[in-house]
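Number of protein chains: 2
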Amino acid sequence: MSYPLHQHIKKFVNVSEVDFAEILTFFEMLSVKKKDILLQEGELCRRNFFVLKGCLRLFFLKETGVEQTTQFAIENWWLTDNLAFLEQKQSSFTIQAVENSEVLAISHDAREEMLEKFPQMERYFRNVYEKAFATQQLRVKYINDYSREEIYLYFAKVQPAFLQRVPQYMLASYLGFTPEYLSEIKKKHLGK
Amino acid sequence: MSYPLHQHIKKFVNVSEVDFAEILTFFEMLSVKKKDILLQEGELCRRNFFVLKGCLRLFFLKETGVEQTTQFAIENWWLTDNLAFLEQKQSSFTIQAVENSEVLAISHDAREEMLEKFPQMERYFRNVYEKAFATQQLRVKYINDYSREEIYLYFAKVQPAFLQRVPQYMLASYLGFTPEYLSEIKKKHLGK
Chain P
1 MSYPLHQHIK KFVNVSEVDF AEILTFFEML SVKKKDILLQ EGELCRRNFF
51 VLKGCLRLFF LKETGVEQTT QFAIENWWLT DNLAFLEQKQ SSFTIQAVEN
101 SEVLAISHDA REEMLEKFPQ MERYFRNVYE KAFATQQLRV KYINDYSREE
151 IYLYFAKVQP AFLQRVPQYM LASYLGFTPE YLSEIKKKHL GK
Chain B
193 MSYPLHQHIK KFVNVSEVDF AEILTFFEML SVKKKDILLQ EGELCRRNFF
243 VLKGCLRLFF LKETGVEQTT QFAIENWWLT DNLAFLEQKQ SSFTIQAVEN
293 SEVLAISHDA REEMLEKFPQ MERYFRNVYE KAFATQQLRV KYINDYSREE
343 IYLYFAKVQP AFLQRVPQYM LASYLGFTPE YLSEIKKKHL GK
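Heads up: the sequence lines are chains P and B, in that order. For the first sequence, the positions run 1 to 192 when the working numbering is used. For the second sequence, the positions run 193 to 384 when the working numbering is used.
Because the hints were derived from the structure by calculation, they are not lab data. Every value quoted in this text rests on a predicted model; they were computed, and no experiment measured them. Any given hint could turn out to be false.
Stated by the list, open to error - If you want the footprint, here are the derived chain B segments under chain P, 3+ residues with CB under 8 Å:
1. 248-255
2. 260-270
3. 278-286
4. 309-316
Unchecked claim - Once the Cα atoms are required to be at most 25 Å apart in a straight line, the calculated BS3-like pairs of lysine-lysine come out as:
5. 131(P) with 227(B)
6. 187(P) with 157(P)
7. 323(B) with 10(P)
8. 157(P) with 11(P)
9. 117(P) with 10(P)
10. 226(B) with 141(P)
11. 281(B) with 157(P)
12. 131(P) with 202(B)
13. 203(B) with 281(B)
As the list claims (entries may be wrong) - In silico negatives: residues of chain P with every beta carbon more than 12 Å from chain B:
14. 24
15. 25
16. 35
17. 44
18. 98
19. 100
20. 132
21. 147
22. 155
23. 183
24. 186
We treat Cβ as the ideally placed atom computed from N, Cα and C, and that holds for glycine.
Using the sequences and the hints given, assemble the complete structure.
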């Protein structure tokens with residue numbers, strides 16, 4: 001079976017089996033258990049994570065002490081505190097496994113070395129982040145324009161996998177709903 | 193005087209004067225007047241814009257008919273509807289000049305050609321979009337955690353230029369305030 005990261009890279013740039021085998025040496029393979037912490041808010045953000053299997057979330061502690069999830073990552077998604085990773089600073093977020101997960105981790109220095117040796121990987125990451133930014137641009141539009149119910153329905157349409165996989169209180173937090181409101185909307189649209 | 197785009201590129205990657213002169217041939221130079229439209233919502237998004245001088249904004253029409261600004265771009269910022277640009281689709285946003293502006297525009301095809309000829313520019317755009325995504329990640333955090341007054345103060349600290357340059361009703365729309373509330377907060381913090 002071709003490696004999921006290789007498949008993902010090949011969407012954007014041709015990388016041979018031989019080159020991919022060497023690219024992979026810059027990564028560390030992690031098996032994490034549900035609820036394990038990969039990055040702690042306030043800690044130096046050393047690594048960027050690619051999900052092979054499972055689900056991670058990015059959250060921070062609000063001033064009220066409540067956890068606010070702002071991103072999830074399932075298979076083939078990258079996740080880190082990007083500013084802290086780029087500038088090698090303290091993280092503003094915590095990253096936690098939502099399920100038992102298999103994750104590839106790459107440090108800032110290892111990525112720089114890898115990019116120097118395989119400059120075609122710049123094109124890969126350029127595509128990853130241009131697309132990620134584009135998605136955020138639309139997210140800001142929907143947050144501003146859609147009702148809470150419309151946001152749920154949009155989300156159910158483009159990311160149906162999450163609705164099944166993610167604990168409901170986390171999903172509610174991500175969507176900015178109370179768990180009660182999420183449950184109400186789900187019931188309303190069940191089976192539609 | 194070194195060209196602002198060349199200066200911006202050199203922050204991330206070395207490009208010689210000779211190469212930069214050729215890179216520039218892939219762009220079109222535009223002089224636009226205040227209120228000119230560079231991209232219309234619903235239109236095919238053909239171009240990505242780099243601001244040399246002036247200010248652009250990205251907005252969409254809410255279902256209520258009100259214009260909602262979600263991004264500004266001043267000197268050295270790129271601006272487009274990124275998903276529509278990447279996928280060469282209809283735009284979900286309108287781009288308008290907030291001031292008389294000098295802008296470099298590059299089409300999707302011209303950028304692909306340029307990237308093929310100058311692959312080091314992949315590194316430049318990778319940095320631009322990784323940073324842009326990182327900034328959006330933090331923006332989502334602040335929107336979730338800060339009071340409206342704290343958002344204004346944060347904005348005043350990191351982007352003081354906007355507060356002077358941008359018409360107040362646009363700034364209010366961007367911040368999600370009513371113009372009256374923005375005016376009230378500004379008065380309160382005047383001279384502090």
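Quick rundown of the hints versus the structure:
Counting residues of the stretch 248-255 of chain B whose beta carbon lies closer than 8 Å to any beta carbon of chain P gives 4, which reaches the threshold of three, so the coverage claim holds. Under the rule that three or more residues need a Cβ within less than 8 Å of chain P, the assignment of the stretch 260-270 of chain B holds, with 3 such residues. Three residues within the 8 Å Cβ limit are the bar, and the stretch 278-286 of chain B against chain P gives 3, so the coverage statement holds. Judged by the Cβ-Cβ criterion of 8 Å, the stretch 309-316 of chain B is covered by chain P as claimed, because 4 of its residues qualify and three suffice.
Simply put, residue 131(P) and residue 227(B) have alpha-carbon atoms about 28 Å apart, too far for the 25 Å limit, and the pair is violated. Of the supplied pair hints, the one linking residue 187(P) and residue 157(P) holds, its CA atoms being roughly 16 Å apart against a limit of 25 Å. Taken as a hint, the residue 323(B) and residue 10(P) pair is honoured in the structure, with Cα atoms around 23 Å apart against an allowance of 25 Å. Annotation: proposed proximity of residue 157(P) to residue 11(P) holds, straight-line Cα distance about 23 Å (limit 25 Å).
Taking the CA atoms of residue 117(P) and residue 10(P), the gap is near 18 Å; set against the 25 Å cutoff, the hint holds. About 24 Å separates the Cα atoms of residue 226(B) and residue 141(P), which keeps this hinted pair within 25 Å; it holds. Between residue 281(B) and residue 157(P) the alpha-carbon distance is near 20 Å, which keeps this suggested pair within the 25 Å criterion. Of the pairs offered as hints, the one joining residue 131(P) and residue 202(B) holds, with about 23 Å between alpha carbons and a cut-off of 25 Å not exceeded.
Of the pairs offered as hints, the one joining residue 203(B) and residue 281(B) is violated, with about 31 Å between alpha carbons and a cut-off of 25 Å exceeded. No beta-carbon of chain B is positioned within 12 Å of the beta-carbon of residue 24(P); the least distance is around 20 Å. The non-interface label for residue 25(P) is consistent with chain B: the shortest C-beta to C-beta separation is roughly 21 Å, beyond 12 Å. The claim that residue 35(P) lies off the interface holds: its Cβ sits roughly 22 Å from the closest Cβ of chain B, which is beyond the 12 Å cut-off.
The beta carbon of residue 44(P) is kept farther than 12 Å from every beta carbon of chain B, the shortest such distance being approximately 16 Å. Residue-level check passed: residue 98(P) sits 18 Å from the nearest beta carbon of chain B, beyond 12 Å. For residue 100(P), the condition that its CB be more than 12 Å from all CB atoms of chain B holds, with the nearest at approximately 25 Å. Listed as a non-interface residue, residue 132(P) fails to keep its Cβ farther than 12 Å from every Cβ of chain B; the least gap is roughly 5 Å.
Taking the minimum C-beta to C-beta distance to chain B, about 9 Å, the non-interface status of residue 147(P) is violated against the 12 Å cut. Separation of residue 155(P) from chain B is adequate, the least Cβ-Cβ distance of about 15 Å exceeding the 12 Å criterion. Annotated as non-interface, residue 183(P) keeps its C-beta farther than 12 Å from every C-beta of chain B; the closest such distance is 21 Å. Listed as a non-interface residue, residue 186(P) keeps its Cβ farther than 12 Å from every Cβ of chain B; the least gap is roughly 22 Å.
Consistency with the previously given hints fails for numbers 5, 13, 20, 21, ordered from lowest to highest.
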